[in-house]
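Engineer: Each chain, letter by letter, is given below.
There are 2 protein chains.
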Amino acid sequence: MRQAGRYLPEYRELRGSVDILETCRRPEQVVELTLQPLRRMPLDAAILFSDIMVPLAAIGVPVRIEAGRGPTLDEPIRDAAGVARLRGLDPEADEPHVSEAIRLLVKELEVPLIGFSGAPFTLASYLIEGGPSRTFARTKALMYGEPAVFERLLGALADIVVAHLLAQLDAGVHAVQLFDSWVGALDRDDYRRFVFPHTARVFEGIAGTDVPAIHFGVGTGHLLDLMRDAGGDAFGVDHRVPLDDAWATIGHDRAIQGNLDPAVLLGPWGPVEQKARDVLARAGDRAGHVFNLGHGVLPDTPVAHLQRLVDLVHSNTERGGS
Amino acid sequence: MRQAGRYLPEYRELRGSVDILETCRRPEQVVELTLQPLRRMPLDAAILFSDIMVPLAAIGVPVRIEAGRGPTLDEPIRDAAGVARLRGLDPEADEPHVSEAIRLLVKELEVPLIGFSGAPFTLASYLIEGGPSRTFARTKALMYGEPAVFERLLGALADIVVAHLLAQLDAGVHAVQLFDSWVGALDRDDYRRFVFPHTARVFEGIAGTDVPAIHFGVGTGHLLDLMRDAGGDAFGVDHRVPLDDAWATIGHDRAIQGNLDPAVLLGPWGPVEQKARDVLARAGDRAGHVFNLGHGVLPDTPVAHLQRLVDLVHSNTERGGS
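These protein sequences, in sequence, are chains A and B.
Just so you know, the working numbering puts 227 at position 227 of the first sequence, and the rest follows in order with no gaps.
Just so you know, the working numbering puts 112 at position 112 of the second sequence, and the rest follows in order with no gaps.
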């Protein structure tokens, strides 16, 4: 069950109006923000409080997280010179606060800790667009217009992602998740050519660590078999694709994570229960289903719904099927 | 081939900074804006210059189109009282400029004229969100939280859409397109329950007119069979789903429209040609493929690319296969 504490009043109180990237540099706050949801609900795992832009900010990319908008760059990266300015990530020197927070957390936690990273394509889309996008027009313009530059960018990001994930694994996380949130904007041919090699390299880069890796995207129903081949032990899918269909495409030798629509939690309990039971029914008795939302918890989500949902899932998965 | 003239300098000159809804009330300008792309390219059809918010503005909904953002309402509709304030559309009284522009156009045009409307769900999403959205959180909150209100809203919108389309058909358009652009945000169950009945009613409402109706959405690969059952003679699909797969799902007894990614046109010609040829190859020799972009033309698209694309498609479809 994925949790971002922004729906909790105690989260908003602790965070205040500080940029999230600044908060991520304060290990004691990261520990507290990671623990907050667990004090509210008996979750099966904790997710490291962080942001996909953390490793990029750590190497000096001038990115900030604007409230209500997301990652924002005043000077997006759109040419060879911009890509050349990206340097490699040395986690010990550049982001020691990440490892420190993880070491503190694993001492305190009684459940596994999940670390994460943005995937090369999704990180690149923010760097190129300068913010969130619906069309990914500039990302694709660079991809088609200067494929060598685009591939260099994804290659550089893949190196950064591997270093970022290895540092988290080294510090003690028990699983990692790779967020390729926006890769569903691509067609299969472009995924194969422009994304697959770099995502595959990320999974190869952490392959020796023997820790489960989750590969996540939104609106990726048309890419699931390719994403599976790129790598990962478990696959996060959103509500658009029925869980059983998605699992059949991925193959039952891999695990699946999902896929309740987070927006359902903004309504009354009835539809939440109905749709959660539908997800569980589609997962069936098979081992390897991680019940989760299809995407992040939305800001106005009632905490009581989440608590009730956790209880519902626990009381319906006693046989270890999910 | 869908065309919105915003990529043309002569379009930007004529439009100036006037709200698009105001421009839509000036039949002479609508005629000119509709004809502009045809003067540049030998297109097979003309698309009426309009906006999906036209019929809602015509009944007094205080909506404006913000440049770079889209339809914007300062007071979104989120409760029964808001829905109750929506009145029916009387095209003759409320939007005579629409029919007038169409009558002027069909006299001038040598190719068919395509009219259009937003679909009930997509219109509702703008009314409820107050603007564009990535999560459709408030739309879904109303849908799950007050399903009766939501269904009344979609019912009222279906009536408005039918009136708007019938007026266009009466004035002489040769085909109509129903844009359910954002319905891909829903899962299959919700589509079936909340959208299907109202969309089906729209197609039933215009069924007597014997004019082809196109049913369009973005990211609807998981809904295509349901959308087909809701109605339409042709189905618009975007680049996410391979055209041959989409057509097989819809069935070859219906026509298909698509599906070049408009973002490809922002790069060099090579990938445009390659992807356009791939679309044509996937359509094969079968009758009933309308070559089109998967979504609207993006603002910075080079006109020369569009011209070359039209020529490419024409020179490769002599056998009437597409």
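It is worth saying that the hints were derived from the structure and are not from the lab.
You may find that some hints are simply not true.
As the list claims (entries may be wrong) - A short, non-exhaustive set of chain B residues, derived as facing chain A with CB atoms under 10 Å:
1. Y144
2. A148
3. A185
4. D187
5. R240
Note that the Cβ used here is the ideal one computed from N, Cα and C, for glycine as well.
Engineer: Please flag the earlier hints that this structure goes against, numbers listed from lowest up.
Structural biologist: 2
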